[in-house]
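Generate the whole structure from the sequences, applying the supplied hints.
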Amino acid sequence: MSKKLLKSLNIAALALPAIASQASTIVDSVELGVRYTKYQEDSMSAADVSTGSLDRYDIDVMQFSFVAPLTDNIQLNLHYQEEDLSGASPWFTTKNADGEVVEVMSGATIEENRKDVIAQLTYAGSNFSVSGLVGISRENDYEANSFGTAVSYELPGKLTTIALAGDISFDKINPTPYEASNGTNTRVTDEEKESWSLHLSTSHVVNKSLIAQVGVGAINREGYLSDPYKLVNVPGTGLSGDSRPDTRFATTASGRIRYFIDSIDSAIHFDYRYYNDDWGINSHTFDIAEYFNIGYGFQLVPSLRYYTQSEAFFYENYYEQQRADGYYATDSRLSSFGAITLGLKVNWQTEHWFWTAGYQRYTSKNSYSLFDYSAESLSLVSFSMFTVGVDYKF
Amino acid sequence: MPIKLYRYQFSAMGSPCTLRFYHANEIQARGIYQSAVDEVKRLEDKYSRYLDSSLLSQINKNAGTQKTAIDAETASLLVYAEQAYQISDGLFDITTGVLRKVWDFKAAKIPSQQKIDNQLSLVDWSLVEWDQKSILLPQKGMEIDFGGIVKEYAADAVATLLKRFDIKHGVIDLGGDIHVIGPDIDGKSWQIGIRDPNYKKSKDKNPSKNLNKASAYIPMSSGGLASSGDYERNFIVNGKKYSHILNPKTGWPALGLSAVSIWSEQTIIAGTIATISMLKQDQGIAWLKELEIPFFAMDNKDKLYKS
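Chains as they are written, first to last, in my numbering: chain A, 734 to 1127; chain B, 76 to 382.
A portion of the hints provided could be inaccurate.
[Claimed, not checked] The following label-pair restraints were derived from C-beta to C-beta distances:
{"no.": "1", "chain 1": "B", "residue 1": "Tyr292", "chain 2": "A", "residue 2": "Phe1003", "range": "51 to 57 Å"}
{"no.": "2", "chain 1": "A", "residue 1": "Val867", "chain 2": "B", "residue 2": "Ser201", "range": "56 to 62 Å"}
{"no.": "3", "chain 1": "A", "residue 1": "Lys740", "chain 2": "B", "residue 2": "Ser128", "range": "34 to 40 Å"}
{"no.": "4", "chain 1": "B", "residue 1": "Asp206", "chain 2": "A", "residue 2": "Val1121", "range": "54 to 60 Å"}
{"no.": "5", "chain 1": "A", "residue 1": "Leu897", "chain 2": "B", "residue 2": "Gly331", "range": "51 to 57 Å"}
{"no.": "6", "chain 1": "B", "residue 1": "Asn193", "chain 2": "A", "residue 2": "Asp805", "range": "44 to 50 Å"}
{"no.": "7", "chain 1": "B", "residue 1": "Ser110", "chain 2": "A", "residue 2": "Val939", "range": "25 to 31 Å"}
{"no.": "8", "chain 1": "A", "residue 1": "Lys740", "chain 2": "B", "residue 2": "Tyr292", "range": "53 to 59 Å"}
{"no.": "9", "chain 1": "A", "residue 1": "Thr804", "chain 2": "B", "residue 2": "Lys136", "range": "24 to 30 Å"}
{"no.": "10", "chain 1": "A", "residue 1": "Val867", "chain 2": "B", "residue 2": "Leu80", "range": "36 to 42 Å"}
[As the list claims (entries may be wrong)] DSBU-like cross-link-like pairs, simulated, lysine-lysine; straight-line CA separation at most 30 Å:
{"no.": "11", "chain 1": "B", "residue 1": "Lys316", "chain 2": "B", "residue 2": "Lys181"}
{"no.": "12", "chain 1": "A", "residue 1": "Lys905", "chain 2": "A", "residue 2": "Lys737"}
{"no.": "13", "chain 1": "B", "residue 1": "Lys324", "chain 2": "A", "residue 2": "Lys737"}
{"no.": "14", "chain 1": "B", "residue 1": "Lys238", "chain 2": "A", "residue 2": "Lys740"}
{"no.": "15", "chain 1": "A", "residue 1": "Lys1126", "chain 2": "B", "residue 2": "Lys142"}
{"no.": "16", "chain 1": "A", "residue 1": "Lys740", "chain 2": "B", "residue 2": "Lys215"}
{"no.": "17", "chain 1": "B", "residue 1": "Lys184", "chain 2": "B", "residue 2": "Lys215"}
{"no.": "18", "chain 1": "A", "residue 1": "Lys737", "chain 2": "B", "residue 2": "Lys381"}
{"no.": "19", "chain 1": "B", "residue 1": "Lys142", "chain 2": "B", "residue 2": "Lys121"}
{"no.": "20", "chain 1": "B", "residue 1": "Lys208", "chain 2": "A", "residue 2": "Lys740"}
{"no.": "21", "chain 1": "B", "residue 1": "Lys381", "chain 2": "A", "residue 2": "Lys740"}
{"no.": "22", "chain 1": "B", "residue 1": "Lys79", "chain 2": "A", "residue 2": "Lys1126"}
For the record, the hints were derived by calculation from the structure and aren't laboratory data.
Even glycine gets a Cβ: it sits at the ideal position worked out from N, Cα and C.
Rendered as structure tokens:
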């Protein structure tokens, strides 16, 4: 009987407004953000190019974000991004008079504009959250529609969180036609690509200075996975379209550590990711960043990333013989290489404002690879990236 | 950014208050602390019986004359008080406060039965006319107060607020009304001290030694903890202790238990149950056992009881 009375008291307590509102991870006010990024690839070396512009891509990126609580439990995130790209890109490889492999760059300067919109709704309960998102991406030659969902659950004790996320994307590829000398379009039209990914992770507060996360994932891509703007010199056939397998399945494993050092008021982030796919590409990514709080709301974040991958089983810098499977690609992104990114970021936070400015320098080389490589790829990219941004929280 | 334990002290509702929680950003932590103080002050401004401008004082001033309009929050506090009245068979009565006018704890004098009886005629929650929109205390001189409810409610309200800011490890202490959000960041329980009921007695003997001494530490990783006891305000006549916890039926202080601490999901419930068990006097311990609620109690012979 008494227990029943206690229950009636509990019901009355839970009806009290300041208690009744659900605990959640929903933002408590509207947040607006804007970022500008300038991405600039280094020019090709003249010695490596037989014809075409040496200049590579320059990309200007504007990003706008809007986050708002719709109710105590529901949050809306909107993200809009617009990219303007110009420059030339490696087209195919050939041999010069001395028998050295050289790169032919795409003739005219490419001008592209891409717009992306992502809308996400999140529902948060006291120990779980569920979210769904829709993404649309438009370019004159490419469109993608994607859908994603994620759930996370906090185990009792609140020290361990388990999260599962998945997405699916439907892409249409309609490259700008290229008229060969005989007047016909040598490029593909109306190609399609479908991809999905799944990611399962768990994060755990180990102790007051250590948080660890481990995750596994799978990515599947199907359809037209070649690069419609690249050509390959195929022995006995001549210039042909870049041709890759029409399925690609990858698995990933990752670990993250956040280590807090009270004495110098800073945090070390260490991330590692392993990737393996059935094109024969294995990769390791190591990320280390240190977040120094230097007072007055300022934060300094130096970072270092090392990436290395093995080459795709069909990749060659230049094909000397035909392949039985018919796959050809000289795209340097499929070669064995390593890359180092050095970064420095400054953040400044006040009650309502968050300012950020950062610089990154990315350098990739075949010789940085931990894996074997058959020949130097001429078109491995190096770039600089500069970002400034501000968020305002109402 | 590194997660750090932030600790803030402030004074509200006539008590020292402490807020402790882990956060990664000092500026945001400060903002959250400010919101917490604002929330406690909001409830104090609305429900303090010491502030003439409070809604509670308004209700009391209008006693015997006119209805006072109330908002949804006040109405749900009245619903809660009604439930507490019901489950305690009328022992938890928010109109009891007027008895303090005859029990002068500073003077340490037992009032005459005549005086007590006169005041008792103003104590009866069942006579109060109230609904979702208004309240009327039917007789002039009647008063309600949310002592034993509102400070506890404020602790719960601050807990809700901190959770909304995604805080997962923290302790709210509003003058001994505690609400704990999650364990300490290393996964271990917080050790919450409950005050020694003999604090005053021992202080006379050796003030420095027992000043902040807790009689027990209760490990907590969630929920509310509230205590009630005769150590807060009392006086002794002929070896008998008269506490400030007054029985609305007899008009006399409750005897039997000297201290009770209750654990419950919500601090407000812990506070209500602690008060009722004090008022139940000798039956208090048996009643707590029947409720199967976690408790820690001491009777007036310094004997300890645990659930």
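Here is what the structure says about each hint:
{"no.": "1", "hint": "B:Tyr292 to A:Phe1003: 51 to 57 Å", "verdict": "violated, 37 Å"}
{"no.": "2", "hint": "A:Val867 to B:Ser201: 56 to 62 Å", "verdict": "holds, 57 Å"}
{"no.": "3", "hint": "A:Lys740 to B:Ser128: 34 to 40 Å", "verdict": "holds, 37 Å"}
{"no.": "4", "hint": "B:Asp206 to A:Val1121: 54 to 60 Å", "verdict": "holds, 58 Å"}
{"no.": "5", "hint": "A:Leu897 to B:Gly331: 51 to 57 Å", "verdict": "holds, 55 Å"}
{"no.": "6", "hint": "B:Asn193 to A:Asp805: 44 to 50 Å", "verdict": "holds, 49 Å"}
{"no.": "7", "hint": "B:Ser110 to A:Val939: 25 to 31 Å", "verdict": "holds, 30 Å"}
{"no.": "8", "hint": "A:Lys740 to B:Tyr292: 53 to 59 Å", "verdict": "violated, 29 Å"}
{"no.": "9", "hint": "A:Thr804 to B:Lys136: 24 to 30 Å", "verdict": "violated, 38 Å"}
{"no.": "10", "hint": "A:Val867 to B:Leu80: 36 to 42 Å", "verdict": "holds, 40 Å"}
{"no.": "11", "hint": "B:Lys316 to B:Lys181", "verdict": "holds, 14 Å"}
{"no.": "12", "hint": "A:Lys905 to A:Lys737", "verdict": "violated, 62 Å"}
{"no.": "13", "hint": "B:Lys324 to A:Lys737", "verdict": "holds, 24 Å"}
{"no.": "14", "hint": "B:Lys238 to A:Lys740", "verdict": "holds, 24 Å"}
{"no.": "15", "hint": "A:Lys1126 to B:Lys142", "verdict": "violated, 42 Å"}
{"no.": "16", "hint": "A:Lys740 to B:Lys215", "verdict": "violated, 35 Å"}
{"no.": "17", "hint": "B:Lys184 to B:Lys215", "verdict": "holds, 26 Å"}
{"no.": "18", "hint": "A:Lys737 to B:Lys381", "verdict": "holds, 22 Å"}
{"no.": "19", "hint": "B:Lys142 to B:Lys121", "verdict": "holds, 17 Å"}
{"no.": "20", "hint": "B:Lys208 to A:Lys740", "verdict": "holds, 25 Å"}
{"no.": "21", "hint": "B:Lys381 to A:Lys740", "verdict": "holds, 21 Å"}
{"no.": "22", "hint": "B:Lys79 to A:Lys1126", "verdict": "holds, 23 Å"}
Checked against the numbered hints listed earlier, the structure breaks hints 1, 8, 9, 12, 15 and 16; every other hint is satisfied.
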